[in-house]
Structures are given as structure tokens and as C-alpha cells.
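**Q** Here's the letter readout for the chains.
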Amino acid sequence: MYRYVIKRVLLAILTVFIVAAVTFFGMHIIPGGPFNSEKAPSAEVKAVLEARHHLDKPVVEQFLIYLGNFLHGDLDVSLKTGRSISTVIGESFPISAKLGGSAVLLATVVGLVLGSIAALKRNSIIDRIIIFLTTLATAAPSFVFATILLYVFCIKLGWVPVWSPDDPHYVLPVLALAMYPMAYITRLTKTSMLDALGQDYVRTANAKGVSSAKVIFKHALRNAVIPVITYVGPMTAYTLTGSLVIEHIFTIGGLGDKFVSSITNRDYTMIMGTTIFLAIIMVTMNLITDLIYKVVDPRIKLD
Amino acid sequence: MPKRNPLSSQIDLSKFEKATEEEKRQQDVMSESTTFFKDGMRRLMKNPLAVGSIIFLILIVLVILFAPAVVPYSYSQINTVNGVRDKGAKNMKPFEYSELEQEYIAQGGKVFPHIMGTDEQCRDYFMRVVYGTRVSLAVGLVASVMVLIIGLLYGSISGYFGGKVDLIMMRIVDIIYSLPDLLMVILLSVVLQATLGAKIEGTSLAKLGPNIIALFIVYALLYWVGMARLVRGQILTIKNNDYVLAAQATGARSGRIIRKHIIPNCISVIFISTALQVPSAIFTESYLSFLGLGVSAPMPSLGSLANSARGGMVSYPYKLLFPAIVIILIVLSFNLLGDGLRDAFDPKLKK
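Chains as they are written, first to last, in the numbering used here: chain F, 1 to 303; chain B, 1 to 351.
There may be inaccurate statements among the hints.
Said to hold, decoys possible - Quick look at which bits of chain B chain F covers, simulated, 3 or more residues with Cβ under 8 Å:
1. 108–122
2. 282–292
To be verified - Once the Cα atoms are required to be at most 30 Å apart in a straight line, the calculated DSS-like pairs of lysine-lysine come out as:
3. B:Lys-164 to F:Lys-294
4. F:Lys-156 to B:Lys-164
5. B:Lys-164 to F:Lys-7
6. F:Lys-294 to F:Lys-218
7. B:Lys-90 to F:Lys-156
8. B:Lys-239 to B:Lys-260
9. B:Lys-260 to B:Lys-164
10. B:Lys-239 to F:Lys-121
11. F:Lys-80 to F:Lys-57
Rather than coming from a laboratory, the hints here were simulated on the basis of the structure.
Note that beta-carbon positions come from the ideal geometry of N, C-alpha and C, so glycine has one too.
Excised from the complex, chain B in its bound form:
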């Protein structure tokens, strides 16, 4: 190519040639497009504590789902060996066999080991812990979902409509918020237990006992206020965004705007708050069970197991340790998972 005058205005034709395939590919977006949710999940999966918690929780759920199918003992019935009620199997240590069972094994029978020993009524303790975990987890999840639904509805209505509606609704929240919660829970449990007992007799709810129903009612009455406040705060910031104005301008109804625009934008914060609500509900249930206001016997919960283990603490300390360790691990995993979710989804922490 001849040397060109730098000041020449002559066009360099090589710049107008068609791009080769290789050059075209350089323009492609290298990373896949990602949503807020996917991005958060990716960051969550990089957090070893959060991943560990998720794995542990999945493991626990698998155990409590399938253990009753594998272990041939019942949580409420005295152990039987070959159809005979085994009254010698009282307060056995983990992996110990009673005399009847040893005889049966000597005869060539197979006895499933008592992984956590037995309790004072000759029941397999492992199954009691499994059912206790079921109850505690179920209570935690149901209570949290109830809090979520009520808080979400109340908070979004209050935050979206604003003005007088908001003022009145938030005054109600203020009052409920200032009530001493655990006292009210205990009090309402006492009242509801006495009044509900007869009404749910014979229904499937009776198995759980009036106390747990009372706990759910109390949660539905009292604990949603925190969630309602959170949702309202989120909505107040989101509804001033331009896309909401645009939706309003194109004639979208309130319900549609709440569902399509507002909820998807505050869902992560709500999600985290719900995850952190679960351990608090499990704690509350275990306190109530501890005070004798929890599930009705023979149904166990982790709190009631820990409470009844206190009596034989000197001779059988492991009976407290098993349910206690399970509570601690479950609450710990939910806390770590909640922390992990917050770190992963909080836009303020994004680098």
C-alpha cells in the first residue's frame, strides 16, 4: 500500500469490507442474560455455609419423610418383639437390646436397632425424635407461610393505597406490634386450649391438639405485623418508580399492578424474612411445649421431648441431647440460610 498523507481525506476502503465470521462473533454477548433471581441464586450457591444449610435441611426432610417407612417402630406405641409387648425395653441406651429382643435375636430373628435408645414408656426414641422434628418443622413452616400470606396482603393493600387507609391500617399494626408477643401467645394458648378442646374432638386436628391450633391462630393474629410493615415499606419505595406510573397510565388495575409489578420486585426481601421466621416459630413452639402448652401427648415435638427429658437428666442425659441438637441444627441452618439469602439478594451489598 502506498504511503498516505496523514492529512488526506481520501477514504480507506479496507474499512468498508464485510466482516468475517470471526469478527462478527466478537460482537456476541459473552455471558448469558441473567435475571435478578438467577443472579442471587448463583451468589447463594457460592456461600458454603448457605449451601451446607440447604443440604442439611434437605437431609432432615428426607429422614423425617422416609424414616417411618424404614424403621419398624411407632412413635406412640410400646415396642413389640414378634408380636409380644416388650415391657423390659424401658430407658435403654442407644443401640442396646432388651432381654426379649436378645432372645429373639438368639433365635435367629432380626431386630432393628434402637438408634437413640428407648424412652420410659418403652417407645423407640429415634422415632419420637423423628416425629418431634416433623411437628416442629411443620409448625415452623405453616406458621411462617401464614405470616407471609397475611402480612403480604395487609402490607400491600396498606402501602399501595396509602392515605387514610394506610394511616388507619398502620395504627392497628402499631398497636398489635406493641403487644408483648410471648405473653399473648401463652395467654391465648391457655384460653384457646380450654375452648377449642371440645370443638375439634374427633377431627383430624385433634391429633395435633388444641395447643398447636392455638399457636397457629396466635401467629395469624399477632406475628404478621412485622411482615406487613416490611411489605408496606418496600411497596412505598417501589410504587414511586416510573414503570408503575407507566402501567397506571396505560390503564392497568390496582390488582394487576400489585401482582405484576410490585410483588416481583420486593419478593426477595419477603422471601428472606420468611426464611428467618421459621426458626422463630420453632422456638416459640418449643417454649410453649416446654411450658406444657404444646402438642398433646402422645404426639411429640422437639420442645416437649426436651422438657420430658429433664426429669431423667441425671441418668439419661442423651435424651435431652438428641432433641436439643436437632433443634439447634435446624435453627442454625435456617439462620445461616437466611443470612446467606440476605447477602446474595441484598442489592446494597452488590459490588
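Extracted from the complex, chain F is given alone in its bound form:
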């Protein structure tokens, strides 16, 4: 177990390092430095600026300096606004985390409930409706769904006001973000629930007269949840990247929105900072998922 944990942690660190390296060197391949805009500063100013950002040193040394600063929590400043990137991330991440966390929670709870219902009422009309809707939902890109939600509920019906930082309404963005994972978890739960219900231990429990609620919750659902747990890691990655688009549509000033606007503005230091930060979160979530999986289901062999 410890060997496995250490191995996974090392792999996670290596992954983040690779992401950082790809990001850093990728940004350096792009022709044109950050101070080569139309309003080019004079040669002396440029030299001072480049010295301040260590741009006069070899690229590898710059990378090491960047990594060193990164470990100290200093992510450089945005090329466009001049604000410290750690401050920007510190401000915007809580919003994204709240959005993503609510979406993950909603998707998991509703997905488990719908999936169990579909499995228990197999081949009934309810099952058919649930499966039809979830199949449809997995085929719709989240930006389409988000735009339609925004159009119908904000603009046409006016039930929910448009997002503003002072008066945030999380309902629509959370719904848009939770849609795909919810549908996916429903389908996953249905399959594994059906599998669990067909097992001998469920038949035994039924035969010895255990109440059906107890059979469902204690015997079937507990085992059916295991495959769903493996999906938590990818789901986190999905909600984080999905929120890039959702936040952009709902104009929520979260991390995803910052990332998208840094791409459109070609704000390279900002792209670097946010990418590495997001990568760390995703890699950590995958690590946690794998470890939880092992704890929940001791039958699983590690390597």
C-alpha cells in the first residue's frame, strides 16, 4: 500500500512537472516577446523590463527560476493587467470551486438516485424516460445547454437574473455544468446496480427476509457505488475544464473565465499560471480518487 501511494505521488509530481515544462517551453517557442507590442518601449526600458523578468537569461535557467518562484507561490504578474497572478487565482478560484463543487455534488446525488430508480424499475416507462434523457444529455455539448438555459430562464422567462458579482445566482451555471456528469453517473449507476441486484448475496438477503429497502441500500447500492467512485477523478477534470466554457457564457469571473480570457488576450504568464494551477488540482483529484477506490474496495489489487 505505502509503495503504491509513494509511486502514485511521484507520478503526480512528475505529471505536474511535465505540464509546467510543456507550458513554459511552449510559451517560449511562440515568436515575439511580451514587450514587442506596437507601443514598443525604448531599448533601455526594454532591457530593464527583461532583466526584471529574467528574460535576458538562458531559457532553461528561466524555467528553473520560474519553478523556484512557483514553489514560493509567486506566479509572476499578468502581462496585460500587471496584477499578481497568485492574487488573481486566489480571488477567482473560490468562485470556480463553489461552482464546480456544487455541480459535482448535484451530479453525484441526482445521478445515483436516478440510476437506482432506473435499475429498480427496469424496463418500465420511468426507466425508458430516464435513459432517453440521459442519452440525449451525454450527446449535447455543455455550451449549447448553457446557452439555451441562459436564453430561456434569464432572457425569455426572466426567472433568474443575469449573473453579477454582487448578487451571484449559481442555479443555472451549476445545472449546466452538472448536466453531463449527472447523465453519465445515472447510466453508470444503472449498469452497476443491475449487476449488483443480480448477485447471489442479494438473492440470499431477499430469501432470508431482509426488508427490500435494506437490500437496496445496504447490499446493492453500496456495491454499485464503487464504479461511480472511479468516475469522480475524471468528473472533476471535466467540471474544471467544462467550467472554462460555462463561466465564459454566464460571465462569471471564475478561474475558467480568467483562463479563457488569458488565451484570447495571449496573456502568456497568465496562461502558464492558470494551466499549472489547474493541472495540480486535476492531478491531485485523480490521485485522491485512486486512493479512495482502493480504500472502498479492498478486493482491488494494486499493480
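Once you've looked at the hints, dock chain B against the given chain F.
**A** Relative to chain F, chain B alone:
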């Protein structure tokens, strides 16, 4: 016939008579011999959802192939009526005619209807959706085939040779697998867009734009790992079979064994996985287009059409609906087809 003693050992001669033609026919095998592939296809054809998906996809392909030959509009040029640029044809509703066109019809001219209206630059929206579908489908298929080829080669080499080769190759896969894919796609698209732009200038690739080339490169770099793992797993189980041992014993080379024995046995699983890769590639492309990292204007893709439709959502909601419905239907058909293929070809589900 005289009554026989049941204990008599006397031979019953009637049992040794020649069989009649009718009796001979009873020995014939009633059903035709079938291969694994034929058997699977037969089961696939019994699945109405899968058949519906296939029909829909064929229909879509026919439409995007032949629509440009039938509809007299271009995806990138402003509409013209009788050779005159029709600047009044802005943002028309489906089947609406502009003033110029109405005049022309009154004069007895024929105008092809704008099935989906026109966009803000007076271009026929139907043709833009058709070309967008072309781009999205092409991206999905090319990316999937690339994933297939790279994953198949890598996975079969790794799985077949095993040992140290396998260990090192799979460590590389592990590392690439743990990279956050969409982030890397976005990042590499930004980098490649900036560096490729000048290099492909003037070539036929420039029409698609550096972003799509970047998307292909990214797919070739990142997405094959899932396929490689799948192929390796399949090969590890297949190569322990006796027929592979027999082939090795008779002196067949590795290449021949991989081609003749291993690939035909794992092809169905790989096939299904490729079918499911297509919608994922279409999704990725539409996300990138949505973020402004997709195809270069004026070439449309379904994602970029949906994105540019967001601006006029209040006045022209149908402009989002058309590309959105096409994406949803295409992805849905590929998903249903993939599910159908899995049900039809998965030996575990055989009854």
C-alpha cells in the same frame, strides 16, 4: 416380419440398407457457416437504434457531399442575385427572401430558398451548417483514425514483446495518460497556432487553419494512449493462446503473428473504441472552436457556428439551434452505434 427374440444376436439387415436421398439431406448442416464478424453484424442489424444511427449517418454524409452541388450558394461569399451582391439579405429567417430576390422572382427568375435563413454577413446559413458539419465530421474521423493507427502500433508492439520493452513503453503511456488532456489541447493549440501559422501559409492546409492542424497534432500526441492500453490488454490475453504458440513453433515471424493472428482477434474491440472516439473528437473540436481556437474564418465548424450564434441569441435563436441539433444528432448516433457494436460484438454478452 417374424417376431424376433429380444435377446437374439441376429443382425437386423434393414439397418444396413443404403440411405435414401431424403435421409442423406438430414445430415446437411442447416445454417450457413458464419464468421465472428458476420455473426456480430447480424446482431447489430437487429438493433433498431444502431440501424437508425447508421441510416442517419449515411444520410448526413450524403447531404454534406451533395448539397454543395445542389444548392447554388457558397459558404464564404455574400449571396448574389443575378450577379448582383445582395446586401439586404442579412439575418433572414428560414425560407425568407430578400427584397432583391423578391424582385427577381417577380421578374420570373428562380431563387433557391434559404432553408436555414442567412447569417449576419448575408451568407446562406444552410451552406454554412453543411460545411461546418463537413469540418466537424472530418476532424472527428481523421483524429480517430490517427488515434487508431498510433495506438494500434504502440499497443501491439508493447503487448507483444512484453518484458522491459513493455515496462518502459507503458510508463510513458502512464505519464501521458495522467496529463490533463483538454488543458494540454488548449495550450498546445495556442502554441502551435502561433508557430504554425506562418509555415503553412499558402498551402492547402491553410484553409483549415493552424488550429485544426494543431488539434490533429495534439490528438496524435495525447489521445492515442487510451487505445494503446486497450490494444495491449487485448494482445496480452490473445498471445497466450495455443494457436499463437503453434504459429511460433512453425517459425512465423513476429510481424506475421501480429498481423495474421492477433489483430484479427482483437479488431472488434478496437473498432468499437474507434467509433466512440469520433464523438469525443467532435466534442473537443467544438469546445476549441467555442474558445476561438478552432477553424479559421471563413471556414465554419459546428462549434464555431454555435459560438457566433450566441451573440444574436435573443433575435435569432434558430441560428444556435441548427448547428446544435446537428452536433447532438451526430454525437448521439455515434454513441448509439458504439453501444450497438459493443452489444453485438462483445462475446461476454453472447447468450
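**Q** Which of the stated hints cannot be reconciled with the structure, identified by number in ascending sequence?
**A** When the structure is compared with the hints, numbers 1, 4 and 10 turn out to be violated.
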